[in-house]
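There are 2 protein chains.
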Amino acid sequence: MNTQAYEKRRNYVYDWMAREGIALVMFEDTEGRRDPSIRYLTGQPGDALLFLSVDREAVLVPWDINMASSYAQADKIIPYTEFERHPLRAIKAITSGLQIPYGSRIEIPPVTAYPQFLRFIEALQDYDVVCREGGAAEEVQHLRAIKDEEEIALYREAARITNHLIDLLETKLKEGSLRTEIEVALFIEAEARRAGCEGTGFETLAAGPRRSWGIHAFPTFTAEAFAEPGLSILDFGLSYQGYTTDVTLTIAREPLSPSQKRMLSLVEKAYNLALSLIKPGVESRLVALAVDNFFEKNKKLMPHALGHGIGLEAHEGPALRSRADNEWVLHPGMIFTIEPGLYDPKQGGCRLENDILLTEQGPEVLTTARIIYL
Amino acid sequence: MNTQAYEKRRNYVYDWMAREGIALVMFEDTEGRRDPSIRYLTGQPGDALLFLSVDREAVLVPWDINMASSYAQADKIIPYTEFERHPLRAIKAITSGLQIPYGSRIEIPPVTAYPQFLRFIEALQDYDVVCREGGAAEEVQHLRAIKDEEEIALYREAARITNHLIDLLETKLKEGSLRTEIEVALFIEAEARRAGCEGTGFETLAAGPRRSWGIHAFPTFTAEAFAEPGLSILDFGLSYQGYTTDVTLTIAREPLSPSQKRMLSLVEKAYNLALSLIKPGVESRLVALAVDNFFEKNKKLMPHALGHGIGLEAHEGPALRSRADNEWVLHPGMIFTIEPGLYDPKQGGCRLENDILLTEQGPEVLTTARIIYL
Chain U
52 MNTQAYEKRR NYVYDWMARE GIALVMFEDT EGRRDPSIRY LTGQPGDALL FLSVDREAVL
112 VPWDINMASS YAQADKIIPY TEFERHPLRA IKAITSGLQI PYGSRIEIPP VTAYPQFLRF
172 IEALQDYDVV CREGGAAEEV QHLRAIKDEE EIALYREAAR ITNHLIDLLE TKLKEGSLRT
232 EIEVALFIEA EARRAGCEGT GFETLAAGPR RSWGIHAFPT FTAEAFAEPG LSILDFGLSY
292 QGYTTDVTLT IAREPLSPSQ KRMLSLVEKA YNLALSLIKP GVESRLVALA VDNFFEKNKK
352 LMPHALGHGI GLEAHEGPAL RSRADNEWVL HPGMIFTIEP GLYDPKQGGC RLENDILLTE
412 QGPEVLTTAR IIYL
Chain A
52 MNTQAYEKRR NYVYDWMARE GIALVMFEDT EGRRDPSIRY LTGQPGDALL FLSVDREAVL
112 VPWDINMASS YAQADKIIPY TEFERHPLRA IKAITSGLQI PYGSRIEIPP VTAYPQFLRF
172 IEALQDYDVV CREGGAAEEV QHLRAIKDEE EIALYREAAR ITNHLIDLLE TKLKEGSLRT
232 EIEVALFIEA EARRAGCEGT GFETLAAGPR RSWGIHAFPT FTAEAFAEPG LSILDFGLSY
292 QGYTTDVTLT IAREPLSPSQ KRMLSLVEKA YNLALSLIKP GVESRLVALA VDNFFEKNKK
352 LMPHALGHGI GLEAHEGPAL RSRADNEWVL HPGMIFTIEP GLYDPKQGGC RLENDILLTE
412 QGPEVLTTAR IIYL
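Chains as they are written, first to last, in this note's numbering: chain U, 52 to 425; chain A, 52 to 425.
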C-alpha cells in the first residue's frame, strides 16, 4: 500500500473530526479487542494504539517497534514500552504532548468496557471524554466498508489466488489425493503462503459428512475423512496484504439422499435469489429477509445471517442479515459475502459462499466457489 | 470432561453469588469477546450466552444448537435464534422465565462496552444491573487460574504430546527435512491433529533468522527459510480438549556472532533465574521484576512480560509481569509459562518458553522446549 493511501484515509478522519468538534481520537488494537482500523490508517498490522489529532497529527504507539519500522506510516511513532504498555498513561502523555486544550472532546473506542471507561474519565478529568457508537470508530468502519481503488485491486489479486486454489482443490478431490479434513486444510495453508498470501484469513473449516451439520464445525478440522459420500463443507479465506477472501464449497458425493439433494437445490436457489436482489441502494436487510422467507416457505430455517462485508476483518460492514436493527444500504465499492446454508443433524450441512464486489452496474462475483458433485 | 466437573464449578459460582447477593449472572462468548468460561462451566466450546441463577439453575443459549447437544451440560438449553441472536432479548426473556424478583442484582460481563451497558440498564429497568471488575467473570477467571484435578490430567497429556512433537521437530531439523517456516508450522498442525489434539492453541509462529527480531513475527509464518545460520524462533501450542500448551524453541545454527551467543546465554540465565524464584506464595510481579533487572544489568531490555497463565485461553491468569498493577500471587495448581526473550533488528531474536505446573513442592516443568544448537 502506498503512503498516500494512508494519508488520504487519515485526512478523511481529520475532516470528520473537525466537523464533529473532536480534538483527539484514540484507536486500540490489542488481544481481545482487535481493531484493524489501525492497519487501515497507518499500515501497522499488529498491536498498537493510534492517536489522531484534529491538528492532523497521527501518533502511533506500537507494541513491537521493530514491526512499526518495517510497516507503519505515521507522523510520530513512540514505543508502547515508554508508557509501560498502559493505555491510560499513553493517552495522558500524548494529550499533553500534542497540547490538546483543556475542555476539548477526546474520543475513546466504543468497545471500551464500562469499568475501564470510568478510569478514562478519571485520568482525563480536564477533558470531555466521549465513548459512543456512531462515532470515530464507526466512521472508519463505514469508510472501510466501501473499498477504495487500492483495496479493490488487492481484492482482485486475492480472488485470483483463491479461485486458482478452488480449481486445484476440485482436481485433487476428484483424483482422491486429499482424503482427510487435515489434508484439505493444510493443503490450503501451504498453497496460500506459496502464492504470496499472508496466510488464511481465519481458521479453515473442513467438515466431512459426519460433522458438516455444524454451522462452524468444532474443531474446525480433524483427522476425519473428507468428501466421503454425503455432504462436506469447506469454508476458507486467503489473506492478501491483510485483506481476506471468504468462500465456502460444498462437496456432495453420491449416493445422496433425497433430503440432501433437496437441501443442495434449495441452497443454490437461495444463492441465486440473493444475487438477483443485490443492487446499489438496496437495504441489505431486505435481501436477507427474502432469503429467510424463501427457506421458510420451504419449511427450512437458515440459522445464520445471509452474509457480511469482508476486508481487513473476515467479518466487517456491511451486514447482510434480516434483523430489524440492520440499517446497511448496499453501495458501490462494497465487498461482501453471500452464503446461504442449511444444516441437519442427520443429513449434514451445505453452504455456498462467494465474495461479491458491488459496482454501479450491479454485483460482480469475484470468487468461484461452487457445489462440487463427486 | 465428566458432568460432575461442570456442576462442581457451577456450584462454586452459585455459592459466590449467594455471598455477593447476585440473583443472575450472564456470560457471553462471541466473536470479538471470547469467553471460554462458558466452556469451563458447561462444556459448550463455541458462541453462546450462559445465565446462572442464584437458585442454582444454568441456562445455556447457544448459537449452534447441534453443537450444544453434543458438548454441553446445563439445566436448560435454548437456541439463540429464539431471541433473534440478540443478548438484550435473551436476558429479558430469561430474567422473566426464571422469575428473578424485581430489584435483584443482575451481573453482566465486565467487558460490556459502555454504550451497550447503557442499553442493558434500559432493558432491565426493574433490576439493579451490575457491570464491574472484580465480579463474577473475574471470580471464574481466578477459579480457572488454579487448575482442578481433571484439568491437570488433561495438561499432562497435552504436555506429553507437545514434548513428543518437540523431539520430532529436533530430529527433523537436524536431518534437514523441514527447511521453511511453512513446512515447520504445517508439520505441527498435522502432527497435533494426528495425535488427537483439537489443533494448535494459537497461530504457530515460525520465524527464520531474517524475521526472528519480531516479538511476534508478522506474518506468523512464510515461505522463508527456517533454521538457517543465526537465530530462528518457533512458538507454538497444542490444544488438547480445549487446553493449550505454549512453548518456544530457539534454533541456533552456527556460525553465530558473539552478540547472538551472548543473547542466548542471557536468555538461558534469565530462564533459570525465574525458575529458581517460583514458589507457592510468591508475588509473580517480583519474579518478573528480577528478570527485568537481570536484563537491565546486562544492558538489555525484554520488551514483553515474563509469562502468563495458560488453560482454555492461551493467555489467562496468573500474569507474570513487572507492572505495578500485577497483584497475582503464585498458588499450587497454577499452570503458566515463563518465556524470557531478547530481540535485535540485526542479530535476530531468541526466546525460551516452557509450561510450569506449580505444586506444593515447587515448580514442575511440564514441557521440554529448549535452545537447539545446529
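Because the hints were derived from the structure by calculation, they are not lab data.
Keep in mind it's a predicted model, so treat the numbers as computed, not measured.
Accuracy of the hints is not assured; some may be wrong.
Identical copies carry no separate label here, and so any pair may be met within one copy or between two of them.
As the list claims (entries may be wrong) - In the DSBU-like style, the derived pairs of lysine-lysine whose C-alpha atoms are separated by at most 30 Å in a straight line are: (1) K143 to K351; (2) K127 to K330; (3) K223 to K350; (4) K330 to K143; (5) K320 to K127; (6) K348 to K225; (7) K348 to K59; (8) K330 to K223; (9) K312 to K223; (10) K350 to K127; (11) K59 to K351; (12) K143 to K223; (13) K59 to K397; (14) K143 to K225; (15) K351 to K223; (16) K59 to K350; (17) K348 to K320; (18) K59 to K225.
Now for the hints, and whether the structure bears them out:
In the homo-oligomer, the alpha carbons of K143 and K351 lie at most 30 Å apart only across protomers (27 Å), although the nearest pairing inside one protomer, at 55 Å, exceeds that limit. Taking identical chains as interchangeable, the C-alpha atoms of K127 and K330 are never at most 30 Å apart, the minima being 42 Å within one chain and 43 Å between chains. In this homomeric assembly, K223 and K350 never come within 30 Å of each other (Cα to Cα): the closest approach is 36 Å inside a single copy and 55 Å across copies. In the homo-oligomer, the alpha carbons of K330 and K143 never lie at most 30 Å apart, since the shortest distance is 46 Å inside one protomer and 37 Å across protomers.
When the C-alpha separation of K320 and K127 is checked against a cutoff of 30 Å, the pair qualifies neither within a copy, at 53 Å, nor between copies, at 36 Å. Taking CA atoms no more than 30 Å apart as the test, K348 paired with K225 passes in neither setting, with 35 Å inside one copy and 62 Å between copies. Taking the shortest Cα distances, K348 and K59 never come within 30 Å of each other, neither inside one copy (48 Å) nor across copies (45 Å). Taking the closest pair of Cα atoms, K330 and K223 never come within 30 Å of each other, the shortest separation being 36 Å inside a single copy and 54 Å across copies.
In the homo-oligomer, the alpha carbons of K312 and K223 lie at most 30 Å apart inside one protomer (23 Å), although the nearest pairing across protomers, at 46 Å, exceeds that limit. Taking CA atoms no more than 30 Å apart as the test, K350 paired with K127 passes between copies only; the shortest distance there is 26 Å, against 58 Å inside one copy. For the homomeric pair K59 and K351, neither the shortest alpha-carbon distance inside one copy (47 Å) nor that between copies (39 Å) is at most 30 Å. Taking the shortest alpha-carbon separations for K143 and K223, neither the intra-copy value of 57 Å nor the inter-copy value of 51 Å comes in at or below 30 Å.
Taking the closest pair of Cα atoms, K59 and K397 never come within 30 Å of each other, the shortest separation being 52 Å inside a single copy and 33 Å across copies. For a Cα distance limit of 30 Å, the shortest separation of K143 from K225 qualifies neither inside one copy, at 60 Å, nor across copies, at 51 Å. For the identical chains of this complex, K351 and K223 are neighbours neither inside a copy (33 Å) nor across copies (51 Å), given an alpha-carbon limit of 30 Å. Taking identical chains as interchangeable, the C-alpha atoms of K59 and K350 are never at most 30 Å apart, the minima being 49 Å within one chain and 41 Å between chains.
Taking the closest pair of Cα atoms, K348 and K320 come within 30 Å of each other only inside a single copy of the chain (13 Å); across copies the shortest separation is 69 Å, beyond that limit. With identical chains, the CA atoms of K59 and K225 are never at most 30 Å apart, being 47 Å at best within one copy and 50 Å at best between copies.
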